[in-house]
Structure formats: structure tokens, C-alpha cells
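J.: Here are the chains, one letter per residue:
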Amino acid sequence: MPADNVTPIELLKIYYYLKLTRGLEQRVSTLYRQGRIVGGVYISAGEEAIAVGSAAALEADDVIAPSHRDLGANLMKGITPKEYLAQYLGKQTGLTRGRDGNVHYGDITRGVIGFISPMADLLPVAAGVGLAFKLRRERRVVAAFFGDGASSRGDFHEALNLAAVMKLPLVFICHNNQYAYSTPLERQMAIEHVADRAKAYGMPGVTVDGNDVLAVRSAVAEAASRARQGGGPTLVEGKTMRMRGHAEHDDASYVPAWMLEEWRKLDPIDRFGAYLRERQILDDAIAREIDDRLSKEIEEAVAFAEASPFPEGKDLLEGVYAS
Amino acid sequence: MPADNVTPIELLKIYYYLKLTRGLEQRVSTLYRQGRIVGGVYISAGEEAIAVGSAAALEADDVIAPSHRDLGANLMKGITPKEYLAQYLGKQTGLTRGRDGNVHYGDITRGVIGFISPMADLLPVAAGVGLAFKLRRERRVVAAFFGDGASSRGDFHEALNLAAVMKLPLVFICHNNQYAYSTPLERQMAIEHVADRAKAYGMPGVTVDGNDVLAVRSAVAEAASRARQGGGPTLVEGKTMRMRGHAEHDDASYVPAWMLEEWRKLDPIDRFGAYLRERQILDDAIAREIDDRLSKEIEEAVAFAEASPFPEGKDLLEGVYAS
Amino acid sequence: MEITYLEAIRQALWEEMDRDDQVFMLGQDIGVYGGAFKVTKGFLEKFGPERVIDTPLSESAIVGAAIGAALMGMRPVVEMQFADFISCAFDQVVNMAAKQHYRLGEPVPLVIRAPYGGGIHAGPYHSQSPEAWFFHVAGLKLVAPSTPRDAKGLLKAAIRDPNPVIYFEHKYLYRHIKGEVADGDDLVPIGKAEVKRPGSSVSVITYGAMVQQSLGAAEKLMPEGIDLEVVDLRTLQPLDMTTILASVEKTGRAMVVHEAPKTGGIGGDIAARLAEEAFHYLDAPILRVAAPHTPFPFSPVLEASYLPNADKIALKARELANF
Amino acid sequence: MEITYLEAIRQALWEEMDRDDQVFMLGQDIGVYGGAFKVTKGFLEKFGPERVIDTPLSESAIVGAAIGAALMGMRPVVEMQFADFISCAFDQVVNMAAKQHYRLGEPVPLVIRAPYGGGIHAGPYHSQSPEAWFFHVAGLKLVAPSTPRDAKGLLKAAIRDPNPVIYFEHKYLYRHIKGEVADGDDLVPIGKAEVKRPGSSVSVITYGAMVQQSLGAAEKLMPEGIDLEVVDLRTLQPLDMTTILASVEKTGRAMVVHEAPKTGGIGGDIAARLAEEAFHYLDAPILRVAAPHTPFPFSPVLEASYLPNADKIALKARELANF
Ligand SMILES: Cc1ncc(C[n+]2csc(CCOP(=O)(O)OP(=O)(O)O)c2C)c(N)n1
Ligand SMILES: Cc1ncc(C[n+]2csc(CCOP(=O)(O)OP(=O)(O)O)c2C)c(N)n1
Ligand SMILES: [Mg+2]
Ligand SMILES: [Mg+2]
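Chains as they are written, first to last, in the working numbering: chain A, 1 to 323; chain B, 1001 to 1323; chain C, 2001 to 2323; chain D, 3001 to 3323.
Just chain A, with the same shape it has in the complex (with noise of 0.2 Å):
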């Protein structure tokens, strides 16, 4: 694992994103199993290691544009627990207010471009935020995710072109975990890499062990401040494997077991929890600490988000319009 120059205090904040994007997704597939959410769920259990290691190579007033496993960035770009599992439930404390559900929320105050439904929308979007940096002389950098199937898109085009056209100041960071829903790599392109796409853009194109957070976090850092020296985009390719099913309510029979098997063993947590520990950064006491920190948060959200009010009927037609 490539440590670069992170302190044993910034190795153990990823870590705790870590464990604190699992456990949270965890319990919000119970809570969803118990009936108690609202629509879909999506987890990015296995692959938290992109998003984590993602945000964690960026600086505090970076932007990103997260796709629907990025939970990890989100948090770590100061999305709380909270907010997140109120908007799970509909409630008038998401970040959404009941308008929208699940992962499509956001903040730009905090540097989260609102996530949307249709795949790679928020490329373009993200490239205009990278925009604005450029023509405002910011020295900031725009992180913009997606996986392996929104990079069939249109958009997905339009935008990595759009950007190594102008030289912005963005990393396009790709979750290839092997499917796009029911759909294998193989039914989706005919290359290997989805970075192999950066070469019809002119920017460099990077494959990382995508369940190696250290690996992601250094290939991302190496992007962003390339992108942050004006010499462009870069995009990133972190191989992974999703974990579970599409969302929550598909059993993902179509997936191999063997694959899940192989997967399985080189778990992005256990790695790097391996890996401190080899370090001597986390022991026993250390990660039980850490482990109580987090379920009292997750309760805590939990117990916020159920006792927060649903949005009220009358409120509907409020906000379409800025004034």
C-alpha cells in the first residue's frame, strides 16, 4: 500500500470512513429488510475504498460529484449520518426534505454536487464546476465519480472531452466493479480498462487496485494536483467488485459465486485494517474504540432520522423556483 506521505492520525480517519460507510449502509439494508425505508437501497459494501480513498486525496474545499456508491466521499465531505439516514426514510431532516430519496442528495455549500438518477448527468455538471474554478483563478479541483456502466453514456463523452479540451481541473474516477446491474463488463465494452477510454480524450488514463484505499487515495492525489497545476484531467479506474445486489431488493443470482469468493478475500477494510495493524497504528483497544464511536453514531442517526418529522403535505409546491 502505497502510505505516500499520510500521517498514522490521517490513515486512521480513513479508516474510520471506512467502517462508518459499511456500518452505515449495513444497518440501513436492515433497516430496509425490517421494511422501515423508504424505496431502494444501494450499497457500495466492498468498494468503499474508492470513494474513501477518493475524498481522502483531495483538499477541504474540493468538490465532488458522487454517483450512487459514494457514500464514503459524501461523508467525508461532511454529510452527516444524519442527514443521510433521514433522507432514507423521507424525512424533512434529509438534505432533500422528502423531495428526493436515497443517494440523491447533496450540498454545495460542502462541496457535493446533488447527486441525480441518470447515469454520468453529473459529468458534464462536474466539468462545469471545474469550469467555474478555471475563470475564477481557484487553485480547487472537482473529484467526479461513476461506475463502469455510466461510462456507456453519452455524457460520460461529452464531459471527459469537454474537459481535456479546456484543460480542467477534474479527476473522472471510475467504480469498475464488474457489473452495471444484471450486465458484465463483457455485454458493456470491448476493452479491458475503463481507463483505456482516456486515450480518446488525450488525458491520462490510470487503472489502481480499487480495494487498496492507499492505491486510490495516491492515484487520485497524483491526478488532483496535476488537474490543480492546470495540467488537466486525469481518469482513474478503481477495479472492484460489487459486494451485493444492484440495490438491496436484487439477489444478484446472475453473478458467479466464485467471483463473490475471490472478491471476498481481498476486502478493502480487512486489508487496510491489516495493514495498521502491521503498522501498529491500530490494535485491538484502538479499533474497539473506534467501533463503539460508530454504532453510537449510527444509533444516533437512526434514532434521529425516526423521530424526525415527515415533510408536510403543503409544503409541496414550496421551492420550485428561486427567488
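It is worth saying that the hints were derived from the structure and are not from the lab.
Possibly wrong hints are sitting among the right ones.
Said to hold, decoys possible - Calculated lysine to aspartate or glutamate pairs in the EDC-like style (CA-CA distance at most 20 Å, straight line):
1) A:K167 x B:D1196
2) D:K3312 x B:E1312
3) C:K2220 x C:D2240
Stated by the list, open to error - Here are some chain C residues pointing at chain B (derived, C-beta under 10 Å):
4) A2070
5) G2073
6) K2099
7) V2108
8) M2241
9) T2243
No residue lacks a Cβ here, since even glycine has one placed at the ideal position from N, Cα and C.
Dock chains B, C and D with the ligands against chain A, hints included.
T.: The following block gives chains B, C and D with the ligands in isolation, referenced to the frame of chain A:
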């Protein structure tokens, strides 16, 4: 010039269509200047070799998806000069019976998908024609044309990716004529060759001298033969130059004069003519005969188009739906 | 035997695929997975991967490719995973598919299945009812069945129609409504409305999921002596004005009900036509019950407030009856 | 001094760019070339390439990027080369720009300039009037000026508005209409219609190029003692129902006129609202004069038959006045 096994008769046919294309377009340009044309006029002067060379590489039952500078290919597929001129004049005898104009015509029964304005829109459609061939086990190929500018559109990306994944019998052919309207290549893409975009799809990408009609023919023939044998699509880029304005209203003052001068020396018809003379396939007598035949054909077409009636206003409502 | 709306759609697809080997399906996750709503479960096994095509995540290419295959005389049936994503293929639908026959006389026998509508707690991007956009576009036919029988009969008719047909299948109805369907070829003709409940007081002109709600309103109002006539449009384009006008001539009172937003919805057009063509029969204003001018909201309270239902319809119908 | 409609647009852009350095423009060929219609001629020289950005041929990326910059508080003004190509950016407009404020409370101060409309012999892909699609989408504002003064004042208001505004500028009017504009900041408020000609017999509710035609119809009918009131909507969304209703209350007769196809056009909504809200004032059916349900045709004869004009308006207005 890679003549492969092209017979003298075929070579003369290619020469004829190059000259016919140029002659017809020059004639339309003159009519435009005389105010006898409805709407804009799009000319392929200097890049006829791409359309003609490509069409010369196809079998009779192959299909083309032309773009707006592919008159040469349309003619070779059997669209007549009369139909072409009637279209420009908005006459009932045009292929769209006056419902559409200038270069927006086609005839699927002759293997020409009707071109429409939004750039790159025909590429997915061409893929679908290729899909029909594949599903029906017909050994036919689709040649789909587009410009450098069109390659920035989402539909370009989606179509090439789909064709590659499904191994469809397509040859994607780019007129890289250095400009999209007033926009030079470097503001459209950060790569040198449009053919590099093939790498994003796992298909072969070939760059040829677009002003060498036999080089184009040879590259397309190779790609078509691969496609016909189930080997999937290829991207062929012909380097050329748009020698006139985007349309005839545009004086193209944004194009540096030296560029036009350089490219004029590479005129595809002059070069091919010289080659034919060298190979003693063409001489003054044959050239004169061809020129005579051409001017006759062109003038007949003009006369036909001018004599043709306009569509009648009362027909406006007809044919919106097929029955 | 009573079957669900979803099963009726499945049967229509199955029988048409069986009947005509030129019918095939393209879409995301329709093969191994059987479609996001499992409409095409079992089709891959029966008809094979050449006729049940899992595509990359590329709506524009999917529709474009279907157009291409249709131009060659095949009968593609496209599944949009959600109608919301038809926005990503909008250009192909309105500029390519819709205009082809008018321009060139070439039929495009294409069906786009658009799972639409709300009531399933799925928020702004999985609940929209976008039919009005297409209602404004000449060259498209639009159908929106409300019962299993119509669902089956209209889908069969759509597949056999030589025009591009958008088939709006309501997601809420999939499993919420059951009914008889005839065996074999019980085609429901495109362009024919059906009076689902005869009545004398007020004509309720509606379609899709609002047919049930309107019938519910009729039940509610019966004890008050208000007798609603419920006209189910079934086909939105072309509109069956004969049936609509006959109903309004009888009742003298008209309201239009749909789930899509009122502003710019199809109801406006129907009301406008009545205001012009039925002016003499009308004893009261024409009312519309439809969603408000906001995005589709997620949280159940907001969704309930947003969607028209039997109570809201009854309220307005009473107002009208007592006018 | 009288200036053209085009010059008025140019002035508004120029003055707003000058006033606020957060205003910038993106589009195809707007820089060196000055735009397909030369609206932005001279802007590159004055404001430099960072604020007058020539983009690749990528409508979706252009709109998406503008949304991103708007999210950061900039004031992007996008030029579509023709309104017809907004179909290629449809998803970004309706799913991203329109819903952002409702979902997240984040303003998107974006202007899309859409050169629309016919009468210029430009056929199906360079003549469309697509405003009705967007009228159905909550979160967008739509303006469509008919005079130089409104063109200038509304564009300034649009640029300062915190919402996404589509600015429909009519291509036929560009150089066909002249008028006075006030010096300096003469903003025309969004949401206010204007009675362009007071009259007592019939209210003609219209916008865009049809305002002139309606005024022409009024002239024609004067000698017959028929006195048209011409209400110019100017803003299509939000509709100024107060002004519309006041006019209809006065005249008791209403017709709606627009160039876009009648079926599914905005006129349907206006007529429907009148049929509901003005039932008591109406002495006659509400008529609509608009284009028929066909694609926009190319040939001048067909185009003349297709487009509404003063004669067609006068015919219907006479019918209504004599009702
Ligand atoms: C334009 C569009 N089409 C279809 C969908 C439905 N859909 C949601 S996620 C998904 C698969 C996405 O795959 P990928 O981008 O690889 O992300 P992953 O879910 O694997 O993380 C699909 C088809 C969508 N959201 N947007
Ligand atoms: C989607 C779309 N946007 C804009 C236009 C307007 N337009 C017509 S041709 C053109 C430039 C095309 O450039 P290129 O593809 O390189 O072809 P060339 O004209 O150079 O042969 C533009 C911008 C269009 N037709 N379609
Ligand atoms: Mg994936
Ligand atoms: Mg070009």
C-alpha cells in the same frame, strides 16, 4: 496509391464519381449565388475522395449512413443528380418531396439512410441497420460517415461502443477536415487523430490520407471485409481539409490562407487524375469525354429540377404516419 | 383467468415474439435478469440472446439502433428501464424516429416500452409521466393502457403498427390490477377510446392509472346521485375525439384527469379541443385534475399530496355536477 | 434609435457581460465566428476567450457544464446554435437544471438562448418551436420576446434571474423587425404579459413571431369594425393569467395563436385555463391558430401552408367576432 486489384474500369468509375460530385456541387454553389437555391448549401470540395473511395469499397447491397459531405457516396449508391438538384430546389421530385432540404435525403431501398441535421444521430441508426444484418445473417456491411466535430457528440460514443460490444458489421468513417464550422480541431479534442478514439471501444482505428482515394478505398475495403466476416467494426479516419466555408454563406475567413494553399496542392481529384494518366488509364480524349458526359448530366439535372413542380400546399398533411 | 397488467404485457411480448421472428427486444437488463420489473423473465431462455438483447447503458444508442433495425423492416421493441430515462434518448425519438416517414416515406415500426408513473415511492427520477412531450411531436403514436386486456391488446397492436409507438405502461398498475384477457389475438385498435363506465352526469376523460381512480370516484359519488362517465382514452395519439365528443355531448360536463402535471399536460389539449368543438354542449367549465407544477416528490406524504386520486377527482366532479 | 431584434439581443448580452464578470457565454462557434447568426460578433475581442467559450459539438456537455458553473454562482449564457438541437441536451435541461432547486434549494442561474422558429426556409431541423416541451417541466422559466425592446429587457432579466431560463429568440425576427430600446437598464420583468394592441372584439393571446402577424390581422380587420386586442405573453412560464383574464373578461372572445404545432402546444393550456377560469365571460368557443400536426416542412410552398400568418389569424378572428 494502393490500387489493390482495382480494375481500370473501376478506376475510371471512381474518377467519374469524383468529378461528378465536384461538378454537381459547384453547380449548386453557382445556383446558390444566383439565388436559385432554397436554404443553405454544403460542399465537399477537396474531400470527395473519402465519400467516393469508401463507397467504392462496398458491395452493391451494403448500406451507407452519409453525413453532409458525402454526396459522392450517395451518387455511387444510386441517388441521381436529378434527385439531388430537385432536393436543393425544394421540389416535389426530390427524395423528400420538398419536405426536407439540401443534404437531408436518402432512400433505404437503395441503401442510403436519410441524413438528418443533428450531428452523429445517424451513427446509432447505422448500428441498428448492422444489427439487422447480423440477426438475419446477411453478409452486408454499413458504412457510417461523420465529421471530426460530430465525434464529440454522445451519440458517437454510444454508437461506437454498442457496435463494438455487439461486433456489428460497421465501418465508421470520419472526414477529419480540420474544422467543425469555425472550430478548429484543437478546440474540439485534445488528441491528434480521431482514429485514436477507436481505442476506447476496442476496435481498430486507422488513419489514412483522405485525399488519396485509393488509400481510402483500401482501408475501407479491409475494414468492410473484416466486418463482413464477423470481426466487428473499425474506425477509419481520413485526413482532409474543408476547402470552402461550412456552408456557402460562410467565407471561412477564420481559416488561415496558408492552410488552404497547402491542402490545395493535395487536391484528391488532381492527384487521382495524374495517377490515372501515369498508369495510362486516362488521357485527354477520355478526360474530355468524361467532362462532356458530366456537364450533360449536370445540366440535365438542373433543367429537370428547375422544371419540376413544387409540392402543393394541400399535401402538407400527408404522410406523417405510415399506414 | 384473471392476470396482472404485468403478465398481460409479458404475454403480448411472448406471443408476438413467437408469431413473428422479426420482433426482437433491446434494453438494459432484460435478458438474464428479466428486466427491472421482470416483464421479460424467461424470454432469454426461450428466444435466445439474439432476440433478447442486453445492451450497454446507452439509451440514445438503444433507440437509434432500434430505429435502424426498424428501417430494415424488423420490429424492435425497446424497453426503457424507466420512462424517466427516455430523456436521454429524446433526440433520437423526436428528430429521427418521428420525422422519418414524413420526410422519406420510410416506415419505422418501432415500439418503445416506457414504464412510467408514480405511486411507488420512487421519487423524481423513477416516477415521471412524460407522455405530453411526445404528444407534441408529429409522427409518434402513444398508447397508455389501464387494464390487462388493453395492455395486451394495445401492445400487440403497437408491435404490428408501422409507426414508432411509445407504449406507456404504468408501474403502479403492474401488480395492482388484475383482469381477464382474451386468448389469442385480441388486438385493441390504436386510436380508439373506450367508455369504461357509462354515466350521465359528468364525462371524466382519463387514461392510465387514473382510470381506476376515476372509477373509484364514480363509486364514491353514486350515493349522491352523481353518475360519472369514465372515458379511458387508451390511445393518446391519435386522440379519439369522436368518443370524447359523444360523451360530452351526452353529459354536458367534462373533466380531464391525468397523473402528469397539469401545466402543459395532454389534458390542456383535450380541454382546448372541447372548448372549441363542444362549446355548444357544455353546461359548465371544463375542469382538469392533474399533478401540480412541481417535480415528482419522493416522500410518501408529499407523493400523496402530489398525485391525483379518487377523492380529488370526486371533489372536482361534484363541483362540476353541481355547477 | 431603432435597432433590430438581433441587435437588441447583442446589446443585452454585451451590457450584462460588462456589468457582471460572472456572466460568461458558452456555445458552438460563438467566438471567432461570432455565432451562426452573428449575435456574438465582437464579443471575443472585447471579453476574451475565457468568457466567450467556443465548445466542442456537445450540447449535453455544454448545458451540463453551464449548470455546474451556475451552481458555483456564475451566470452562464449558453447559445444553442439552433433551438432544434436542444433535444440533444434535453436530459440535462429537464432532469438536472429544472429540478435542482426543488430538490436541494440550490439556485441554477442559467440562461439557454434558443434560436427558434421558421419562416426562413430552413426545414425540419432548423425551424422548430420546442417551447411546449419545457412548459411541461416545473423549475424552468421560459421567455419569448417579440420586439427589440422586450428582447433586450427580457434577456437582461433572464441573466439576472436565479433560475434556469430558456430564452426563445425568434430567428425570423432577428433582422425582420426593428424598434426602439431604452438606454441602460430597462429590464422587462419575467412573468408579465403586455397588451400590444388594445381592442374590444376578440382577445388574441400570442407570443414571438406571431405577435406581428396578429397585429397584421388586426389591421386587416379594422375596416370591418372588428377590433382585436393583441396580448403578447412575452413570458411563457410563469404565465401571466391576470393579464390574459382581464383581456378576455373585456372582450368575451379568445383565441390563442402560436407558431408551434397546435397539438400539445402551449395554446392548449391557455385555452384550457380559460375554459375553466373564464367560462363566465366567454361568449364564444376558444379558438387556436397554430401549426398543424406535421414535422416542419422545408419547401417554401409547404412552409407557407404550414405557418400561421396574418391572413389565417384574421380568418379565425372574424369567425370568432361574428360568432
Ligand atoms: C440513464 C440511465 N439509464 C438507466 C438507469 C438505471 N440504472 C441505475 S444504476 C444502473 C447500472 C449502473 O451501473 P454502473 O454505472 O456500473 O454503476 P454500479 O451500479 O455498478 O455501481 C442502471 C442501469 C439509470 N439510472 N440511468
Ligand atoms: C447536434 C448538432 N449541433 C450543432 C449542429 C450545427 N452544425 C452543423 S454542422 C456543424 C459542424 C460539423 O462539423 P464536422 O462534424 O467536423 O463536419 P464538417 O462540417 O466539418 O464536415 C455544426 C456545429 C448540428 N447540426 N447538430
Ligand atoms: Mg458497475
Ligand atoms: Mg469537420
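J.: Against chain B, is C:V2108 within 10 Å by beta-carbon distance?
T.: The hint holds - C:V2108 has a Cβ within 10 Å of chain B, the shortest such distance being about 8 Å.
J.: Does the closest beta carbon of chain B sit nearer than 10 Å to the beta carbon of C:K2099?
T.: 7 Å, holds
J.: Does the nearest C-beta of chain B fall within a distance shorter than 10 Å of the C-beta of C:T2243?
T.: 19 Å, violated
J.: Tell me if the interface restraint on C:M2241 is satisfied: Cβ within less than 10 Å of some Cβ in chain B.
T.: With a closest approach of 16 Å, the C:M2241 hint is violated.
J.: Given a cut of 10 Å on the nearest C-beta pair, is the interface hint for C:A2070 held or broken against chain B?
T.: Hint on C:A2070: holds, closest Cβ of chain B at ~8 Å, below 10 Å.
J.: Within a Cα-Cα threshold of 20 Å, do A:K167 and B:D1196 meet the stated pairing?
T.: Holds. A:K167 to B:D1196 sits at ~19 Å (cutoff 20 Å).
J.: Within 20 Å, alpha carbon to alpha carbon, are D:K3312 and B:E1312?
T.: 18 Å, holds
J.: Identify whether the interface hint at C:G2073 stands, where standing means a beta carbon of chain B within less than 10 Å of its own.
T.: 8 Å, holds
J.: Between C:K2220 and C:D2240, does the CA-CA distance stay at or below 20 Å?
T.: The given pair, whose Cα atoms are some 27 Å apart, is violated under the 20 Å limit.
Taken one by one, the earlier hints fail for this structure at numbers 3, 8, 9, listed in ascending order.
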